Amino acid sequence: MNKQMIKIEKLKKSFNGKTALEIDSLNIEDGEIFGLVGNNGAGKTTLFRLILDLISPDQGVVKIDSILVSKSELWKSFTGSYLDESFLIDYLTPEEFFYFIGKIYSLSREEISSKLTSLATFFSGEILNKNRKFIREFSSGNRQKIGIASAILSNPRLLILDEPFNHLDPTSQSVLKDIIRNLNRDFKTTILLSSHNLNHVCEVCHRIVVLQNGQIVKDCKSDNQTFAILNSYFNAPLS
Amino acid sequence: MLSDIFLIHPIKSFIRNKRLTRNILSYIVFTFTLIYFIVILFFIGNNLEELLGSEGEDPIMKFNSLIFFYLLIDLIIRVVINNRNGLNLVPYLRFPIKRSVIINYILVRNLFNLLNLISLFFIIPFSWKIIYFKYGLIEALNYQIFLPILILINCYIASTLKLIIRKDIVFFSIPIIILISIAIKSVRQTILNISGLLGEQILNSNYFLMITLVTFLVVIILILRYLYSKSFYLEDAFRKSYIEKSSQTHFLSGHYNKSLTFSYFILELKLLIRNRRTLQTLIIYPFLPVVIIMGIIDGKHNIFLELMFFILILGFFPVLYGQNIFNWESAFFDGKMARESNFTDYLCSKFYLMGFISLIVFLPTIVLFIKHNEYPLLYSSVFLFVNGFINLFVILAGAFNKGRINLNEHYFLNYQGFSTIQLILPVFILIFPVILLKILESIVGLQAMIIICSLAGSFMIIFHKFFIREFIEPLFMKRKYINLDGFRKLYE
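Going down the list, the protein sequences come from chains U and E.
Okay, so the first sequence: first residue is 1 according to this note's numbering, each after it adds one.
Okay, so the second sequence: first residue is 240 according to this note's numbering, each after it adds one.
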């Protein structure tokens, strides 16, 4: 059995008296690609925020690599994440943003350049060398690409992406799936992602969890039957 | 890396500020205003002896007696307008940067708050020019060290209050200020005495007092540090004000098929009260009774100066709200223009809303005027004039706005959507009527002026729909593509 990257116990979070998330136990193994699906308000983003210690739980604990996230910040040194646009520093150019993140993770300029070069297909010529265009001036899709690139820049051991396929064109979605698979294969990166698109989740994830009203209602390994199983939770006809 | 976050990013954030980068005029106005205030404060500091000691009083004693009042006003300004954090912290929360480092940064950054710095522009010249010559070096240095310490205590108390209150208190500030003013009025002399004593003790190098002040400063910093460490989560960074908690009004559904002015009116009212920036356009109104009670009624007055104040207050909402009516967020206008609807009705609803708000403010005012026999007819005629002429003119000028304005942002110190017309219009609208009234009065006399104003205002109110349909709507339609394109730009 693989080492556990994330361990969640008796986690509960409420907003204005309404329980947004209640998970008794959830373990995510090292090197796993873990998918999270659920309707709007199911608790996906709340779970990611709790894992990243961006919000405080009402009760329960989250551990990353056996480190209690609320007590130590060591886990941040090997964790990359992108949840939404508030994670961007929108008055910087993409280059400034990437080099700043590289500096935080102690990457050399060469390493950053090399990583950005490897992402050229994903960027499709739209992000870099845009003559001092600030991040806020890019389209939603391109801002999404900048955010995702910022999360994977340091080749993190743990990568958390909230609805990464949103706003992306079909080509970029396909490239992103390859990037996720390659990161997992080459660096054994543990990846957590959420999506409303069941196809994407089934294609890239090893394990998928369905959240409904803040609770886990299905936890399954991905195989040929998974799409049909997941579909049944959302009352949608088979495509 | 830390220098990036704590030095380079704030500078870039300011230089590349989306509100300032929109046009060079904003930069010029901002720089001019800053220089203006610095020069004014420097002038005050240099001439405090003459300003305070005009009645044969000792200027230093007078200055000392005003310290508490200065601190109180300073505290109120800080609590009302200062941001909770000087830096948008959300992007940094995911990085391996210790929270304690960021908290320390916020505390240090508070030291360089603009209000702290500008106070030095009058404290330093005052100390050197007056204290040094009258008392000596030590006393002047005492002033230059301990007055800033008092201001720093104020600064950190304001930050602590902001953190504890966690509400957008801009709108509540005016009633609070009025209550504080009333409370202070009754104990004014006591405060003057205590304040004078405090200044005197600083001047006399009372080391016990100085140690107490420094200790208090340290304690308040430690309290603030503790509060920051407890509240340093995304939910706090994103914590919504009471206005933001109510859903933002995009109002694209349901009401359009009715195509009735009343429906638009209700929607506009919802837009006004459910969004932070629009709600803050109403902020001037609680001042109206205060100005009337303190300035107009039972005072020795200049009628035209008072009329200017009256028009200023009555016209403030139309100027703030009305001239921006086209450039609140883009989604509304895209939806509006893509549907078949009566644009005249829509514009009329805004005109009615402006009139409705003015009326709410005016009714209690006119009661006061009648009670005190203060030209009720004159003010009524001006009310009609403002609601007829000014409100329509404001809507007309609004058609020239092409900058997007996010509804839930702060109004104060926010130049989003502001262009040249926003800078010129308020001056023109608020001063022009007074000049016109003065000319009318000198030509035809006060009684005739009242009649002319009432008739002119009533005429415009009665025929508002005609003016809106024939002048304002065609103007907006002519500029439709320029404006709509401008409203969509997220970064403007």
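The reader is advised that the hints may include incorrect statements.
As the list claims (entries may be wrong) - Straight-line distance between alpha carbons at most 25 Å, and here's what the computed DSS-like set of lysine-lysine pairs gives:
#1 E:Lys469 with U:Lys71
#2 U:Lys71 with E:Lys424
#3 E:Lys373 with U:Lys10
Claimed, not checked - Label-pair distances were calculated between CB atoms; the ranges are:
#4 E:Asn343 with U:Arg136: 26 to 32 Å
#5 E:Ile283 with U:Ser77: 39 to 45 Å
#6 U:Asp186 with E:Asp243: 53 to 59 Å
#7 E:Leu466 with U:Val217: 54 to 60 Å
#8 U:Phe15 with E:Asn343: 55 to 61 Å
#9 E:Thr451 with U:Glu110: 55 to 61 Å
#10 E:Ser468 with U:Asn16: 31 to 37 Å
#11 E:Met716 with U:Asn235: 45 to 51 Å
#12 E:Met716 with U:Ser174: 15 to 21 Å
#13 E:Leu461 with U:Phe15: 26 to 32 Å
#14 E:Leu350 with U:Asp30: 30 to 36 Å
#15 U:Asn235 with E:Ile505: 33 to 39 Å
#16 E:Asn343 with U:Ser106: 43 to 49 Å
Everything labelled a hint here was simulated from the structure, so no lab data went into it.
In this text the structure is predicted, and so the values were computed from the model without any measurement.
We put the CB at the ideal spot given by N, CA and C, even for glycine.
Which numbered hints turn out to be false for this structure?
-> Failing hints, ascending: 2, 3, 5, 6, 7, 8, 10, 12, 14, 16.
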